[in-house]
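Enquirer: Just so you know, the protein sequences line up as chains A and B, in that order. Add 15 to the 1-based position in the first sequence for the working numbering, that's all there is to it. Add 15 to the 1-based position in the second sequence for the working numbering, that's all there is to it.
Bear in mind the hints are in silico, worked out from the structure with no lab data behind them. Be aware that a few hints might be false.
The list makes no distinction among identical chains, and a pair is therefore deemed to hold if it is satisfied within one copy or across any two copies.
[Claimed, not checked] Below, simulated SDA-like cross-link-like pairs (lysine to any residue); rule was C-alpha separation at most 20 Å, straight line:
{"#": "1", "residue 1": "196", "residue 2": "162"}
{"#": "2", "residue 1": "70", "residue 2": "44"}
{"#": "3", "residue 1": "70", "residue 2": "41"}
{"#": "4", "residue 1": "196", "residue 2": "55"}
{"#": "5", "residue 1": "196", "residue 2": "100"}
{"#": "6", "residue 1": "196", "residue 2": "161"}
{"#": "7", "residue 1": "70", "residue 2": "136"}
{"#": "8", "residue 1": "196", "residue 2": "28"}
{"#": "9", "residue 1": "196", "residue 2": "98"}
{"#": "10", "residue 1": "196", "residue 2": "185"}
{"#": "11", "residue 1": "196", "residue 2": "164"}
{"#": "12", "residue 1": "196", "residue 2": "112"}
{"#": "13", "residue 1": "196", "residue 2": "163"}
{"#": "14", "residue 1": "70", "residue 2": "119"}
{"#": "15", "residue 1": "196", "residue 2": "69"}
{"#": "16", "residue 1": "70", "residue 2": "53"}
{"#": "17", "residue 1": "70", "residue 2": "25"}
{"#": "18", "residue 1": "196", "residue 2": "143"}
{"#": "19", "residue 1": "196", "residue 2": "65"}
{"#": "20", "residue 1": "70", "residue 2": "58"}
There are 2 protein chains.
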Amino acid sequence: MTSLRERNRNRTLRDIEAAALDLFEQDGYASTTVDQIARRAGVSSATFFRYFGSKEEVLFVNEQDAVDELVALVAAREDREASLAALSEPVAAFAHSYLNDADAETRRATRLVMTTRELESRSMRMRLRWEHAVARQLAEERHRAVSGADVLVANLAIACLTAALWLWRTDQDDIGDTTRKMFAQAMSP
Amino acid sequence: MTSLRERNRNRTLRDIEAAALDLFEQDGYASTTVDQIARRAGVSSATFFRYFGSKEEVLFVNEQDAVDELVALVAAREDREASLAALSEPVAAFAHSYLNDADAETRRATRLVMTTRELESRSMRMRLRWEHAVARQLAEERHRAVSGADVLVANLAIACLTAALWLWRTDQDDIGDTTRKMFAQAMSP
Numbered sequence: 016m017t018s019l020r021e022r023n024r025n026r027t028l029r030d031i032e033a034a035a036l037d038l039f040e041q042d043g044y045a046s047t048t049v050d051q052i053a054r055r056a057g058v059s060s061a062t063f064f065r066y067f068g069s070k071e072e073v074l075f076v077n078e079q080d081a082v083d084e085l086v087a088l089v090a091a092r093e094d095r096e097a098s099l100a101a102l103s104e105p106v107a108a109f110a111h112s113y114l115n116d117a118d119a120e121t122r123r124a125t126r127l128v129m130t131t132r133e134l135e136s137r138s139m140r141m142r143l144r145w146e147h148a149v150a151r152q153l154a155e156e157r158h159r160a161v162s163g164a165d166v167l168v169a170n171l172a173i174a175c176l177t178a179a180l181w182l183w184r185t186d187q188d189d190i191g192d193t194t195r196k197m198f199a200q201a202m203s204p
Numbered sequence: 016m017t018s019l020r021e022r023n024r025n026r027t028l029r030d031i032e033a034a035a036l037d038l039f040e041q042d043g044y045a046s047t048t049v050d051q052i053a054r055r056a057g058v059s060s061a062t063f064f065r066y067f068g069s070k071e072e073v074l075f076v077n078e079q080d081a082v083d084e085l086v087a088l089v090a091a092r093e094d095r096e097a098s099l100a101a102l103s104e105p106v107a108a109f110a111h112s113y114l115n116d117a118d119a120e121t122r123r124a125t126r127l128v129m130t131t132r133e134l135e136s137r138s139m140r141m142r143l144r145w146e147h148a149v150a151r152q153l154a155e156e157r158h159r160a161v162s163g164a165d166v167l168v169a170n171l172a173i174a175c176l177t178a179a180l181w182l183w184r185t186d187q188d189d190i191g192d193t194t195r196k197m198f199a200q201a202m203s204p
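Please take these sequences and the hints and turn them into a complete structure.
Expert: Pasting the structure below:
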């Protein structure tokens, strides 16, 4: 059971997140300040900084959960090969669960990240974490250190996912289907 | 003909670069300061900042040249398709010219970038520039805007290059050959 303290914490966190998304969308990410976010969320700046290290971090609050979920889906895949083909389903399922099944805030945050120039580097760091996590998972399944083949397959899989996310910024298709299409195109001669 | 001023400028720039590489390799990137680099190069900190915005930038001084060269090689490729196969040769040639044919400083800088955790984000930004430049080149050849297929092929090609660079950190093979191998593996079923 969630304690009152826990529920308050979550409510404050979600209030800050909603306030930040509203302001980023309305005034632009670059010109929004932490003070403005805190004021709109009805909290002090000190409270903001108890939850987030910077305004950037509001958009990446689910980063670790996403990495964990990606790894869990890859680990549970049916096709046990360490091949690009074997990663198509788990990565498509990840994209679907990360964006289609997610709450509206996650979708709004992801769209902001994909379309804000100032967030490019931070977003690349997330992508790098996905690549590392997938390569590590493939290596662990074989009880050995990460090899060049693991790195290559992981990089290719995340390249497909990134291209699908790029398309997702502007189209309305299911991100899972788009991801599957990107894998199919990558594997066609 | 190069003017004396131009030659002095280049000499100073190279002195700073050599001093920075020495200190980064010897004491680690994180614990080296701009003051230490300037002192070792025999210049003032003010002079350092006339050439470089930060100590990080010393390692990325050739970034724009590299992007230009990659695009030129892609633009001049024999296989005119916008496919992964068509990019194998130009990207392998780029890797070779960027690292094997380059001066020792470029190789030392690249090895530092590949093995220094603090430089990961900055290094990802370079990779992003390569991806964008290749996708844009493929689109321009077809006189249209960048498509999902362009982004996918560019991302896959740079995924192969990145895997080759990852192997290059520790092996002694020709980076061009390693890059070709990564493309071949990526395209095998």
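Enquirer: Confirm or reject each hint.
Expert: Outcome of the hint check:
Within a single copy, residue 196 and residue 162 get their C-alpha atoms only as close as 27 Å, which misses the 20 Å cut-off; across copies the closest is 14 Å, which meets it. Proximity of residue 70 and residue 44 under a CA criterion of 20 Å is satisfied intra-copy only: 9 Å inside one chain copy versus 28 Å between copies. Taking identical chains as interchangeable, the C-alpha atoms of residue 70 and residue 41 lie at most 20 Å apart only when both belong to the same chain, with a minimum of 15 Å there against 36 Å between chains. Taking CA atoms no more than 20 Å apart as the test, residue 196 paired with residue 55 passes in neither setting, with 41 Å inside one copy and 54 Å between copies.
Proximity of residue 196 and residue 100 under a CA criterion of 20 Å is satisfied in both settings, with 12 Å inside one chain copy and 19 Å between copies. Taking the shortest alpha-carbon separations for residue 196 and residue 161, only the inter-copy value of 17 Å comes in at or below 20 Å, while the best intra-copy value is 28 Å. Taking the shortest Cα distances, residue 70 and residue 136 sit within 20 Å of each other both inside one copy (15 Å) and across copies (18 Å). In this assembly of identical chains, the alpha carbons of residue 196 and residue 28 never lie at most 20 Å apart, being 36 Å within a copy and 48 Å across copies at closest.
In the homo-oligomer, the alpha carbons of residue 196 and residue 98 lie at most 20 Å apart both inside one protomer (16 Å) and across protomers (16 Å), since each shortest distance falls under that limit. For the homomeric pair residue 196 and residue 185, the shortest alpha-carbon distance inside one copy (16 Å) is at most 20 Å, but the shortest distance between copies (35 Å) is not. In the homo-oligomer, the alpha carbons of residue 196 and residue 164 lie at most 20 Å apart only across protomers (10 Å), although the nearest pairing inside one protomer, at 23 Å, exceeds that limit. For a Cα distance limit of 20 Å, the shortest separation of residue 196 from residue 112 inside one copy, 17 Å, qualifies, whereas the shortest one across copies, 34 Å, does not.
In this assembly of identical chains, the alpha carbons of residue 196 and residue 163 lie at most 20 Å apart only when taken from different copies (11 Å versus 25 Å within one copy). Proximity of residue 70 and residue 119 under a CA criterion of 20 Å is satisfied intra-copy only: 19 Å inside one chain copy versus 41 Å between copies. Within a single copy, residue 196 and residue 69 get their C-alpha atoms no closer than 36 Å, and across copies no closer than 42 Å, so neither meets the 20 Å cut-off. Taking CA atoms no more than 20 Å apart as the test, residue 70 paired with residue 53 passes inside one copy only; the shortest distance there is 10 Å, against 35 Å between copies.
Taking identical chains as interchangeable, the C-alpha atoms of residue 70 and residue 25 lie at most 20 Å apart only when both belong to the same chain, with a minimum of 17 Å there against 41 Å between chains. In the homo-oligomer, the alpha carbons of residue 196 and residue 143 never lie at most 20 Å apart, since the shortest distance is 22 Å inside one protomer and 22 Å across protomers. When the C-alpha separation of residue 196 and residue 65 is checked against a cutoff of 20 Å, the pair qualifies neither within a copy, at 42 Å, nor between copies, at 49 Å. For a Cα distance limit of 20 Å, the shortest separation of residue 70 from residue 58 inside one copy, 14 Å, qualifies, whereas the shortest one across copies, 38 Å, does not.
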